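A.B. asks: Letter by letter, the chains look like this.
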Amino acid sequence: MAIIQATDTDFQEVLKNNERVVVKYFADWCGNCRLFSPKFKRMAANEEFANVAFLDVNAETSPEARKLAGVTNLPFFAVFKNGELVEGAATSKEDYVTEMVRKIA
Amino acid sequence: MKIPAIKKLVETQSIEALREAEEQLINEETPSFEIEGADEGEQLTHVFGAIWILNHMGDHNVDFKTALREFTQKVRISIN
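Chains as they are written, first to last, in our numbering: chain A, 1 to 105; chain B, 1 to 80.
The hints are simulated quantities; they were obtained by calculation from the structure and are not laboratory data.
One thing to keep in mind: the hints can contain errors.
Selected chain B positions facing chain A (in silico; Cβ < 10 Å) [as the list claims (entries may be wrong)]:
hint: 1; residue: ILE3
hint: 2; residue: LEU25
hint: 3; residue: GLU29
hint: 4; residue: GLY37
hint: 5; residue: GLY41
hint: 6; residue: GLY49
hint: 7; residue: LEU54
hint: 8; residue: MET57
hint: 9; residue: LEU68
hint: 10; residue: PHE71
hint: 11; residue: SER78
Predicted model only: the values in this text are computed from it and were never measured.
All C-beta atoms, glycine included, are put in the ideal place defined by N, C-alpha and C.
Based on the sequences and whatever the hints tell you, model everything.
C.D. replies: Listed below in structure tokens is the structure:
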């Protein structure tokens with residue numbers, strides 16, 4: 001599935017329209033965020049997660065979406081189910097993020 | 001992210017050299033000059049920071065300290 005680029009304008013709408021959501025919060029200054037991009041794309045293409053919506057959110061320009069997950073550092077990943085935050089973590093470890101997504105898939 | 005590492009890059013490298021280093025780090029290659037950082041991600045953050053500061057200094061005709069303050073403000077905003 002393609003990664004959805006979301007902002008404060010449509011974040012709540014995307015959460016409402018997708019039962020399972022994983023969000024990668026990033027910023028343009030964040031090197032680890034950039035290096036995680038191909039891993040996130042690979043995860044989004046994984047059949048195991050076909051029922052999960054993958055979102056990219058610029059933490060700098062989307063304060064409401066950022067606060068909803070309690071972003072503390074970047075990259076920050078958050079998984080939502082039925083619009084509710086299930087878990088959030090600042091990490092650059094692909095295995096950790098994969099396990100987070102498995103919890104909602 | 002370590003400010004002294006960014007400062008060192010601003011003082012010793014051109015934007016072109018930093019852009020090349022950015023590409024190299026993304027492609028898992030070794031840049032031609034030393035970039036401080038615990039891993040490739042932190043090194044890339046230092047390169048992004050140095051590029052942003054150099055651009056900001058040129059575009060707004062401000063000194064390093066002013067540009068650095070605005071850069072760190074950007075970073076703080078992203079995680080607060």
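A.B. asks: Compare the structure with each hint and give your call.
C.D. replies: Here is how each hint holds up against the structure:
Interface hint status for ILE3 (chain B): violated, as the beta-carbon distance to the closest one in chain A is roughly 13 Å, over 10 Å. The closest approach between the C-beta of LEU25 (chain B) and any C-beta of chain A is roughly 7 Å, which is under the 10 Å cut-off, so the hint is satisfied. Interface hint status for GLU29 (chain B): violated, as the beta-carbon distance to the closest one in chain A is roughly 13 Å, over 10 Å. Of the supplied interface hints, the one on GLY37 (chain B) holds, with its beta-carbon coming within about 8 Å of a beta-carbon of chain A, less than 10 Å.
The interface hint given for GLY41 (chain B) holds, since its Cβ lies 3 Å from the closest Cβ of chain A, which is under the 10 Å cut-off. Interface hint status for GLY49 (chain B): upheld, as the beta-carbon distance to the closest one in chain A is roughly 6 Å, under 10 Å. Because the smallest distance between the Cβ of LEU54 (chain B) and any Cβ of chain A comes to about 13 Å, over 10 Å, the interface hint for this residue is violated. Hint status for MET57 (chain B) relative to chain A: violated, with the closest Cβ pair at about 16 Å, above 10 Å.
The closest approach between the C-beta of LEU68 (chain B) and any C-beta of chain A is roughly 12 Å, which is over the 10 Å cut-off, so the hint fails. A distance limit of 10 Å between C-beta atoms decides the matter here; for PHE71 (chain B) the minimum to chain A is near 7 Å, and the interface restraint holds. With a cut of 10 Å, the hint placing SER78 (chain B) at the interface with chain A holds, because the nearest CB-to-CB distance is about 4 Å.
In this structure, the earlier hints numbered 1, 3, 7, 8, 9 are contradicted, and the remaining ones agree with it.
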